[in-house]
Every structure is written in C-alpha cells, then in structure tokens.
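Enquirer: Each chain is listed here by its residues.
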Amino acid sequence: MGGLRGGQPPSTVAPLAFLPYPNADAPSEDLIARCVHCGLCLPTCPTFAVLGVEMDSPRGRIRLMKNVWEGRLGADAAAFDDHMNTCLDCRACETACPSGVEFGKLVEGARSQIVAARNASLGERVIRFVALDALLPHRRALAAFARFSYLSKRLGAGAALRAIGTVSHAARRLAGLLELVPDQAPTSEGLPRTVAAHGTRRARAALFGGCVQRAVFGATNAATARVLARNGVEVTVIEDQTCCGALHAHAGERDGARALARRNIAAFERAGADVVVVNAAGCGAALKEYGWLLKDDPAWHDRAARFASTVRDATEYLAEIGLREKPGPVRAKATYDDPCHLLHGQKVREQPRALLAAIPELTVVPLVEADWCCGSAGTYNVTRPELSRQLLERKVGHIKSTGAELVVTANPGCLMQIQSGLRREAPAVRVVHLIDLLDEAYGAS
Amino acid sequence: MDVLGRGKVVATREDMLTYEYDGSADTASPDAVVLPETTADVAAVARFCHEHGVPIVPRGAGTGLSGGAIPVEGGVVMSFARMARILEIDVPNLRAVVQPGVVNLHLSTAVAPHGLYFVPDPSSQKACTLGGNVAENSGGPHTLAYGVTTNHVTGLEIVLSDGTIARLGGKAVEDEGYDLVGTFVGSEGTLGMVTEITVKLTPLAEDRRTVLAAFTTMDQASETVSAIIASGVVPAAIEMMDNLSTQAVEESVHAGYPLDAGGILLVEVEGVRDGLEDARERIEAICRANGASSLRLAATALEREKLWAGRKGAFAAMGRLAPDYYVQDGVIPRTRLPEILRRVNEAAASRGLRIANVFHAGDGNLHPLIVFDLRKEPDALRRAQEAGLEILAACVEAGGSITGEHGVGMEKNCFMPLQFRPDDLAAMRRVKDAFDPAGLANPGKVFPTPSRCREFSLGAVR
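Sequence lines, in order, name chains Y and D.
Counting with the working numbering, you get residues 1 to 445 for the letters of the first sequence.
Counting with the working numbering, you get residues 446 to 907 for the letters of the second sequence.
The shape of chain D in the complex, shown without the other chains (with noise of 0.2 Å):
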C-alpha cells in the first residue's frame, strides 16, 4: 500500500497476527493494518478502499467487549493510536476538542487543573480510547447521575467510508436540523469514521461519600438497589458485585474488599458539600434495614480510590480464576433484578459453566461474566454463548434491552431479533445506507449476517 506511506501501515503476516483480538472473545485476521496521523490519511484509506471494494473496520484501544474491532469480514484496521492528541480544551464554554486515539482517562487528568472532568467513565478507561467511547456510546458506573456518552458530545468530525470528510455539530448544545452527532454516537464504526471529536466538559464535585456495603445474599442487596432509588436520593454510582468477582478484585487491588460476604455494593454519593451527610446517613439506614452486615465509609481519597480502582479492574482481573471470560451486557428494570439475577446464575450453572457477578445495579445494566479455560473445556464458550442467549432473552422479556453499553458489535449481532422485528432492523438498515451505500464501513456489525448467525435459533427462547 503506498497511499501512506511505509511507516504507516502494519502489513508483514506476523506483525497482523497482534490486530486479530480486542477485549472480546471474537477473533479475525486482517488484511492489513494502517495508522493514520491526519484526517487526510484517513480520508486517503478511505478513498482506496472503497475504489478497490474493501471493508475498513476502526479501532481505538482494542479494550471493547463486542468485538467492534475485529475484522470479520477481512479489509483495513484502521488503527487510532497515533491520533492521540487533545487539540484544544476551552475552559469558558466546557468544550475540549480531542482526536480519537486519546485516552479517556488522559482527557480527565488533562482539564483537571481546571476543576474538570469528563463524564463518561467506563471502566477500561485508563486505555480505551474517546473514538472508541464514541463509537460504543460507553457508560460506566457514574451513567447512573450523568448518562452515557452521547450526552457529553456535542461536535463530530468524521470520514465516510468513500472518503468524504463532514462536520456534524459543533461547540453548542444545541443543532439545527437533524441529530447527526446523535446518529453517529453509538454506530460502532458502521457508518463510517469519526477523526475528531468536541466533548463537553463537567465541574468536578464539591465532595463525595463512598461506601461499601456487604450483604449476605445478592437478594437483599439487589432490594437495597431498589429502596435507595425508590427513596428520592440520587446516587452518582450503585454498583453490585457477587463473591465470586470479589475475590478476584480483592486478590487484585487489596482494598479491604469483604471475602465473606454474598453480594456488595458500592454506593457513591456526590455534589455540594452540604446535605452528602444526610445522603450518607440516608443510604446507610437503607442499607443496615436491608441486612448489610457490614458498612464502610471510604475514609480518604486513596481508599476510595482503591475501591473503585477495584471496581473498575473487575473484567481485567479475571484472569486470575480462568484465561477466558466472556461478558454479557443485558439491560433490565431494577426492580426486577432479583428474579433475573437467579435466572442469569441458572443460565449458566445448567451448562456446567461458572459465572461472576459484576454490574451498574443502578442501572439494572447486567454483567454477568462466565469463565472458561478453552484449553481444558474447548466447546465452553458454544455453552457460555448459548447461556449468554438465554440470558438476553430473559432481559428482553423483563421489558430491557441486549446491550446497555458494549455494543452489539459481531457478538451479539445474531440476537438483534430478540430486540428488533424485521421492519425495525429493516429502517437502521437505511439509515445505515445514507453513510455507507457501499457497505463497508465496520461490516458484519450490529446486524445479523446470514452466514453467522445460521447456527443460533432464536425460535426456542422467543
């Protein structure tokens, strides 16, 4: 390929087989690898690709769970890391105005003299990248307060996939005509690349109170989600963890996280200094007329840190009880997440698979993560995917939805119909051609492809 350049461009057999993963189960090799430095690289990949009818498929920190990143149907990865700086942050409107290959936390540390912040804190984001962030539509713990990716983006600049360069949106919140910014945040890569990106910037909190709270069951833990919502207090973040992904948590981070106990939340609370006592002492009383057997108050910036450094290391850490994992993402109404939560762990128990526990309860937002060592059990992830089925439809039935933050990607392209009738999927597919008419922005994504998704019947679980 000489439209960039040697440097630019990974192209030796061995070199590519590091560009067949990301932080999903998925794997695919590509047929080549490029690293623009510049829109107009981009733009120029673009344009050879789609005169020689080849996919491009974009990747930011290959830290996605949806294997938005793999190159299913062959083609370009297009990498984003050595786009990767922030070009301008403009403290008196809170805008920053990024290139996609920064880093999430980056951007945070970057504006902090400042008093800022950026929202949006998914839990890889000490290496997943904003493109990345914005082609998922990521959340994260603190979704609960503050919402998802889409609400802190208010300008786009992005390359189709025949190389046209756009802007969508800009610096204010506001937009005349369609929401495009809207459109494309959450795409993954479908319809086409984003080569910069205007965030919004948010003040950072007063002060906060975390805390930590062990239960003996998951039950009484998940009821507590519920009666501190039910309550009227706004918690920035609730998240739930079971035994099993707190031991590996506690062996990682040595936070002081409790081994014993059944379930644990933790509970963040944030904003002006006065009234976070009351909103303490609040969840507190719910919590101990729950059953919390334990309560701990983060007592310093480190600890909480700890914490949530815990928290936020989660997936990461379970390598320490199996090499595989594989992750759902289902979405349900809080309140039912005792009854679902049972049949997530039935899931998975019925086909002899192990299963942890770790999600934004506040959300009802689901992670259930099944282990697996392929080595010894080679049709393990078949069974945890078929789990992973049973478990989506449960959500679905519940009134949620297949995905709160990961994407659907090429993992769970093929339950699309669990979510979506035909005429559903039929009307993302044109919008989806007013992009990419060609079709080779990210394919074999978000929509089922008939060669894939054959095998899965989703007939038995509808």
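If we strip away everything but chain Y, and leave its shape as in the complex, we get (with noise of 0.2 Å):
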C-alpha cells in the first residue's frame, strides 16, 4: 500500500493535463447537475447488477463524464470508453430518477466524445464502416444481407463456425451473431403506396418502415398497415425514408444520426401525415429525439422538434385512439416484455398491456423483470457478447417460470434476442411482435 495519498478531498485542479470534451456533442454540464448522486438508480441498472461495480452504474458514469468537465479525466480515457459503451443505454435509471436526469442523451454525448477523441483501431473502423454506412441506410443491401445470412445459417454455417470456433475467436464471434438470425426467412413487407382506412377515415397516418424492421421483418410492417387500417387510419408508405440513425446515435456517431434524421424530416414532410407511426420501439425512441439531435442546428431545430411532435409507436397510437373493431379470441398464455426503448425511452408502459386485454381468451401473466433489459441493446450483444449472454439467460430464466407459451414484445432487437435464448431453452415458446399477434387476432375474427 506504501504512502497514503487518500482521504483528502479531490482536487479540482488537474495534476497532468487531461483532453478534455472534443465537440459540442458532449454530455451537456446543466444535464448532469440534475443528479444528486442519491443512488436510487442502481439496483435498475443491469450491468451494476451483474458487476456490482459502480463505475458500471448510472451514478458512477455521470461521475465520470463530470470528471472530464472538471479537468480530473480525459475524453480519450481508456476507462471512460470502457464504462460508457458497457452500459446496454436502457435507459432503465430514467425512470428510476426522481430528479428526471436525462441518462440517454448523456451517454450518447459521452460516446460522442470518445469518437471524436479516440482512434480506433483499423478493425473497429471497418466493422463501424460496414455496418452504420455501407448496410443500415442502404434497404437493397441490408435486404441482400439478412437473406445471405438466413440462408449461411440454414446451410449450416452455425456448425462450420464452431468447428473452426475451436481453433479462432473471430469464428466463435460470427457463430455466435448467427445465433441471432431468426429461423423465420426474412420478410418482405410488399406494401403498396396507400393502403385504405375501413370504414370513415380517422386520420392518416405514415407508417415509419425503420432499416431492420423492413429487412427481415417485413410482415410485421404490413401487419401494422392492416391493423391501423381496420380501426379506421389511412396508411400511407414512403418509399424515401431511410434508416432512423439510433445505432449511429448509441454508438456516438452523430453526423451520420443527424444526417439520417434530415432526410427523414423531409421525407414524411412531404408526406404530410396526421401522425408517424412506428413499430420498432428503438427507432421509435429515437425519432421522438430528433429535436434534441438537431438542437445546435439552426435550419433544422424547429422541423426536427415538429416532426419528433408527430411520431407515435404503434402500440401507442392504437390504445390512444381506441380499437375499432373488436379482436378475435387467441387461446394461449402469454407475457409481455416492454423493450427498453418503449418503456423507458418513451415512457409507453400501460398502452401494450390495454391492448393485449383487449384480446379475448388471451391470458396474459405478468413476467418479472420485464422492465429489464433482455442483452440485445442495439449491438451490444455483438460488442459485449459476454454480459448480453448473462442478461439473456435472466430473461429466459424469468419467461420459462411463467410458463407462457407466447412472449410478447414491440420491438425487432429484443425479438431475435429473445427468440435466440429461447432456441435451447424451450423451443415451443413462439416470441411474438405485438402488432403481428393483434393481426393475427384479427384474422381469426
């Protein structure tokens, strides 16, 4: 132990001289005076759960992001990039703040920074390459890209990549990411232009396809058309949007994020829609946030806030302005698990459980922990495979002991998270999106 140099209070003056914030991206010093570091956020928290460390705490990391603005850290830290990107970005503790910290924009600003002010390696850079520019904004590709790894895993590249997983890790990684391919081929959503309201016409609305959504889950995307159109609601498809910019946004590339987002403004502008109805929670999350990603942009403040005014998730929409047309009975059991971005990101808690009673004959049982996060967060089961194996073997664990054979959730990540735990632990339970299993009730009325 030798000396001590502890006890003292810290000082604020900096004994070497440490970078500080790069841009004005970083996580803003108003947002962090929110927090009174009371500590009601850490037993929400998934990675201090599992870690039990609190530099991997809410607390801990808006302690850290201080730091930096204090002079005591710097921005290119290696721990500071460490404990910013284990976070999953839940958003859990938001709800758990009394004071109301705005966690998700401080993480993001925090990531941010770290792009800005380290270099990463020439692999990281062509992975962020590949994926964030050559694949999410780009339909055909990322289309091309699902199909291509549907059909590795269906010829057995799972077993291949194990084998050779023996002798390389890169190997083990790629096997692992095929775990997550759905068994289902990827589907096309094969909407037209417009699809009609039943009935009078309630409002119209502009379906927001999101990247993924449109690449593998296709038919979850005509599903909601037809939902909203039997309950009274024009739909209308933009063939020009693009991808939403979340993944951009939690990996702290927010050029790419804000260009995305301007062309999404102007593109359901155009559109000029009652409202912007999105079913992927995480897209959804990220939309409603446009006006604060474009807040230092003086042309685009006020129509990113304008159009963020308009975005509804699905499940949202529906229970606002009330089903129309009763549902058919489904006889099963189900659970429903509130993905992060729709409970937590935007606050949408009460509306998928109205509508999962509205249902009949569907039991519903209520799944412990289901305000948590399943491991899937974005990419964080490729960045932090480990701790997403350990959050999704909880999240099996808590689904099995319901007993359910349906789990309900709002949201593609968690969907092939989810689905990929389930695979070994209990294949007969169906995961299951909620507008799809709303659809499908539909057809049996």
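Treat each hint with caution, since some may be false.
[Said to hold, decoys possible] Dumping the calculated BS3-like pairs for lysine-lysine here, alpha-carbon to alpha-carbon at most 25 Å:
1. Y:K295 / Y:K333
2. Y:K347 / Y:K105
3. Y:K347 / D:K751
4. Y:K66 / D:K821
5. D:K616 / D:K645
6. Y:K295 / Y:K105
7. Y:K295 / Y:K66
8. Y:K333 / Y:K400
9. Y:K105 / D:K821
I should point out that these hints are in silico values taken from the structure, not numbers from a laboratory.
Fit the two chains together into the complex; they arrive one by one in their own frames, and the hints show the way.
Expert: Shown next as structure tokens:
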C-alpha cells in the first residue's frame, strides 16, 4: 500500500493535462447537474447488478462524465471508453430517477466524444463503416445481407463456424452472431403506397418502416398497416425514408445520425400525414428525439421538433385512438416483455398491456423483470457478448417460470435476442411482435 | 493487492473516481476499493490492512447522507455490492438471514409471498442495503409505530478491524450478557464490519388508510401533528412537506400533491380492518379542526404507492430545484415543531439560502434540505453548514438531538460536542477502543477530529 495519498478532498486542479471534450455534442453540464448522486438508479441498472461496481452504474458513469468536465479524466481515457460502452443505454435509470436525469442523452453524448477523441483500431473502423454506412441506410443491401445470413444459417454455417471456433476467436464470435438470425426467412412488407382505411377515415398515418424491420420483419410492417386500416386509419408508405439513425447515435456517430434524421424529416414532411407510426421501439425513441439530435442546427431544429411531436409507437397510437374493431380470440397464455426504448425511452407502459387485454381469451401473466433489458440493446450483443449472454439467460429464466407459450414484445432487436435465447432452452415458446399478434387475432375474427 | 485476486479489487485511478462520494455532500479519495464475496474475503482484507495500518471504510449502496462511506482518512473502501444474497427465510420464526449487500426493498419483496415484510423503510429503501441500515441504525416514515433498525435486528456476524470473525446474538429476541448487537447497530462502521444479519420479519397489516391533508401554513400542519398524537390514535406514519418540496415531488411523480398548499401531511393508519375507518375519521376531523384546506384519501393501492413514491423520492428529486443539497437530520419534541421550523427557515434565509422541508413529523425528526448550485455559489456549502449548525443547536436546546437516522458520519462529527460533554465522548471512545484498538475501522467518523473540526467554533451557539 505504501504511503497513503487518499483521504484528501478530490482536487479540482488536474495534476496532468487531460483531454477535454472535443466538441459540442459533449454530455451537457446542465443535464449532469440534475444528478444529486442519491443512488436510487443503482438497483435498476443491469450492468451494476451483474458487475457490482460503481463505475458501471448510472451514477458512476455520470460522475466520470463530470470528471472529464473538471479536467480530472481525459475524454480519450480507455477507462472512460470502457464504462460508457459497457452501458446498455437501456435507460432504466431514467425511469428510476426522481430528479429526471436524462441519462440516454448523457451517455450518447459521452460516446460521441469518445469517437471524436480516440483513434479506433482499423478493425473497428471497418466494422463501423460496413454496419453503419454501408448496410443500415441502404435498404436493398440490408435486405440482401439478411437473406445471406439466413441462408448461411440454413446451410449449416453455424456448425461450421463453431468447428473452426475451437481454434479461431473470430469464428466463435461469428457463430454467436448467427445465433441471432431468426429461424423464419426474412419477409418483405410488400405494401402498396397507400392502404385505405376501413369505414370512415379517422386519421392519416405515415408508416415508418425501419431498416432492420423492413429487411427482416417486413411482414410486421404489413401487419401494422392492416391493423391501423381496420381501425379507420389510412396508411401511407413513403419510399424515400431511411434508417432512423438510432444505432448511429448509440454508437456515438452523431453526424451520421443527423444526416439520416434530415433525410427522414424532409421525406415525412412531404407526406403531410397526421401522425408518423413506428412499430420498432428503438426507432421510435430515436425519432422522438430528433429535436434534441438537431438542437444545434438552427436550420433544422424547429422542423425536427415538429416532426418528433408527430411520432407515435404503434401500440401507443392504437391505444390512444381506441380499437374500433374487436379482435378475435387467441387461446393462449402470454407474457409481455417491455422493450427498454418503449418503456424507459418513450414511457409507454400501459398501452401495450391494454391492447393485449383487448384480445379475447388471451391469458396474460406478468413477467418478473419485464422492465429489464434482455441484453440485445442495439449492437450490445455484438460488442459485449458475455454480458449480453448473462442478461439473456436471466430473461429466459424469468420467461420459463411464467409457463407462457407466447412472449410478446414490440421491437425487432428484443425479438431476435429473446428468440435466440429460447431456441435452446424452450423451443416451444414463440416470440411475437404485439402488432403481429393483434393482426392474427383480427384474422381469427 | 494480491490478497483477494484481481477481479475483486478496483485500483486504477480512473475507476476509483467513482468511490469518492456517497449520497451526501462530502467527498474524499480512496487508496483502493475491494469487492469481497465472502466473510473470509472480508477477514483477509482486514488482516492485511491491520498489518499495514491501513483504514477500512465499509460501503453499502453509497446512499448515505452523512458521509459514512467516504474514506476521509484514505485507506481501503470495502464495497459489499457482491455480498447480496438472502441466505435463509425462516417463516415460522419470523426471521431472515441476509448478507449485508442485500437491498432493503429486495428483502421485503422476497418475503412478501409469505405475507411478511421487513419494517424499517428508509426513503432510499429501493437502493440502500441492509448492511448500511445496520451501520446507520436507519429509520424511515414508519418508525413512528414500529421503531428503527435496531428494533428489527437480532443477530450479526461481524469482522473486526484485525480480521477476527465473531457472532453476536442469533434468532432469539433476548440474549445473555451485554447487548452487543444493540451496540453494533448504529456504530457507523467504527466498530468493524457486518458480514451477516439476522432480522425480524413482520406480518403485513391487514389493511391501511392513507390520507393526504393540505394546509395553508406549516404552523397549522405542525399543530395538527401534535393534536393527532394527543388524541390517542397511533398512526403508522405522519410525514410533512412544505411548498417547495411538494413542487419538486409533484413534478417527479404526478401523484396529485396540491401545489398551492403551504404545508401538507401524509398520514397513514394500518392494522386489522375493523377500526381503521374510525381512526381515519378521527384523523380527518382533527385535520379539519386545525384548518385543513383539503383532504384526500388514497382510493387505490396504486394511488397510495404514488403518494409514497413522491414522499420517499423527495430528497432524490431535489435535482429539479438545484444541483446540490445539504440535508440536516435534527430531532425535537413534536410540540416544539412550529417554533423550531421557524428558526430553521430563518437560519437558511438569513444566509441567503433556499430551503425545502420534508420530514418525519410524527417523530419530530426534521429534514431541512438546503439547496444550492456550487457552480454559481462556491461558498454555499460553507453557508449551508453554518445554517445546519445553528439548526442543530436549536434542536439540542429544545431537548432533542443532532441526528435521527442519517448518522453522524463525517458530516456532523464536529457537532457532537453540541450534545455530548467531553466525558460522554470519552466513554464512547472506550467502547470503540474495545472493538477497534488500532483505530482503523472507519476513522474520522462520529468522533470530532482535531484536524477537521478546528474551524467549527461551537462557543457561539452553545
């Protein structure tokens, strides 16, 4: 231990020159000042629950962000990078916080500074380019990639990779990733430009398709249009929309996110619908925050805020307008798992449950820790596979103890993650998007 | 440090930045942080520290409000985050055996299927640990009817600062010899560490009534508290909030707290269903007689939950008013409430400080929260501490004490001479020496330290 240097009040004068935040996307000091370090967020943080260390808790991460402002820690410090990126960005801490700290904005701000301050390795840069620039914003490329992944899996690439994985770490990682690919073949939405409302028209909605959603779960978009139409909503599908930019923002690539946001805002303005309806919780949370994303862009800020105010999650919107047509019966025992970016990001909790309650003969049982992240968290299952696996096991354990045959959720990432977890543990349990279930119920009526 | 192995030690400068604080306004840097997983780990670290003369500072969830988990004299911070298992639930004997890192509310949730709960419910109960509750002898809103932590702990496993492992008490209520469990509960880590706790479990009440009463002035609300107690009704809790607290709380929970009230009371009665309605009517009549401008009964369990979430999240909601706060914890005889509250508000106002009051009125346990922004007023903490000293002096003078439940820690140790004479403190010191002769168990806490307490001149207020 040697001579004790601790015990002194922490000095605010930096003993060494630490790199300050490089640009205006830094986590705002005013948002940080909301935190009174009471610690009420700690038990709601999955990474704190697993790791048990303060620097991987929301309060600890906020303190590190503050320490960078104070010049006690560099924005380029490896530890700063590690703790900010070990965060799931699930935002459960926001729900827990009595002072209203907006942690999502803080951690995404911090990550943007790490991207700007640190020299990423060549490998990481290549992965970022392929995923964020070459695939997500390009619908056809992403669809082709989804099809390729599905076929590789069907052709037994997983087993082959696992065999190679005994000697190669990269192959093991790839095999793990392939686990996430759904068992069903990718579906395309096959929607016309406009889906007419049944009966008198109550509103005009523009459907936000989402990139992964369109490439892998296109059928869910088609189901969303059908369910809206049945309830008197005309649905338009805009061709020139693009990826919402959520994964870019989560990864600290704010310029990339902003470029996509501007394209979407312009495209949806032209459509002139009453609402923008989205069925992927992660996208919805990002779209609703376009005002914040473009806060420093005077030409776009007001347009972004206006656009954001028209965005609704599909479950939120259906509950808001009320189901005009009664769904048919579904004889099954189901449980609902809250997508983090629906519950914590958009504060939508009761609406999906109300929709489930509207389906006759469906028994809904509560899920312990339904408000906990399943470990999917955007690209977390790629960047932190071990932690992601632990959280998934925890989720699967709770699902199994409900005895439900259906797990209902409302986000493609959660869907794929939970499906991959149940495949081995409980293959009979089906994971379904709430809107798909509702669509099936209507089919049964 | 090779005592525990790499995975159980935090030793980088960057990571240790997050162990400089707790829920209070104090900070200090640790020299290392350890994360024991077993009693043997705790004892191994203690032996190592004892050999090298290094202080040990135990830490639960770091929600404390008196700086108990701050390494004010440096040394090793021992986090109990990874000793968080419920070891036994003994339903017939109404006992549970837990590790110190178990979160208070998690225990109540775990035993709820048996119709039981752990009574002490500090406002931080969603996050604070039972080890921390034992160290601070924590209270909570329901202290009024059921007592504090010490009334609900029957046994402990402890590790002394030299690594000795010992068991005190057990599952029985009475123990032969000195009440060492009672001595250890509330010792704030200055006697040693707790590694296992045997607690009493209590059957959940059959039913309850929760009434929210609004008053134009804090005086009216204070008079009502005394009138309720004098009437012979024993509520489970009587909580009071002033207007500023209510504003912050309502913005946080949207429970329907009246924003125009000068003071509000949250009164709860519980027990067997028969008689509850009668108690509620009597309480409401007393509130009306004392000028209540509105009364609301929580109609559903959800409404009650929201009202309590507001009250319990009140300190944590202070971030809506200002980035920093300093809270005091003085206790006074209930009948002196109106007068002392006025002195509390004057102590803050005369120093240009904003103050919010939210507290356990039934116990006369005040929690004046002085809110400020250190970025804009760098000397605000000093002024707040001055106001705190004046407030505590008023409490002691009124026949009360300087702390109800938050502990003395490093935050009020300089104020101890307000309440205790030198020979009282010397007697307490001999108790500490019996457990911790080397003085390595959470040093710089509870007892006044010459180096830090020089600047506090108590003469002016005595």
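Enquirer: Has the given pair, K295 of chain Y with K333 of chain Y, been kept, meaning a C-alpha gap of at most 25 Å?
Expert: It is violated: about 45 Å lies between the C-alpha atoms, which goes past 25 Å.
Enquirer: Has the given pair, K616 of chain D with K645 of chain D, been kept, meaning a C-alpha gap of at most 25 Å?
Expert: holds (8 Å)
Enquirer: Within a Cα-Cα threshold of 25 Å, do K347 of chain Y and K751 of chain D meet the stated pairing?
Expert: The hint holds at about 16 Å.
Enquirer: Has the given pair, K66 of chain Y with K821 of chain D, been kept, meaning a C-alpha gap of at most 25 Å?
Expert: This hinted pair holds, its Cα atoms lying about 16 Å apart.
Enquirer: K295 of chain Y and K105 of chain Y were given as a pair; does the straight-line alpha-carbon distance stay at or below 25 Å?
Expert: Answer holds: K295 of chain Y to K105 of chain Y is near 12 Å, not above 25 Å.
Enquirer: Would the pair K105 of chain Y and K821 of chain D pass a check requiring their Cα atoms to be no farther apart than 25 Å?
Expert: Cα-Cα ~24 Å, so holds.
Enquirer: Taking 25 Å as the top limit, are the C-alpha atoms of K347 of chain Y and K105 of chain Y close enough?
Expert: Measuring from Cα to Cα gives roughly 15 Å; hence the hint holds.
Enquirer: For the pair supplied as a hint, K295 of chain Y and K66 of chain Y, is the alpha-carbon distance within the 25 Å limit?
Expert: holds (21 Å)
Enquirer: So if I understand the rule, the pair passes when the alpha-carbon distance is 25 Å or less; does K333 of chain Y with K400 of chain Y pass?
Expert: holds (12 Å)
The structure fails hint 1 only (numbered hints given earlier).
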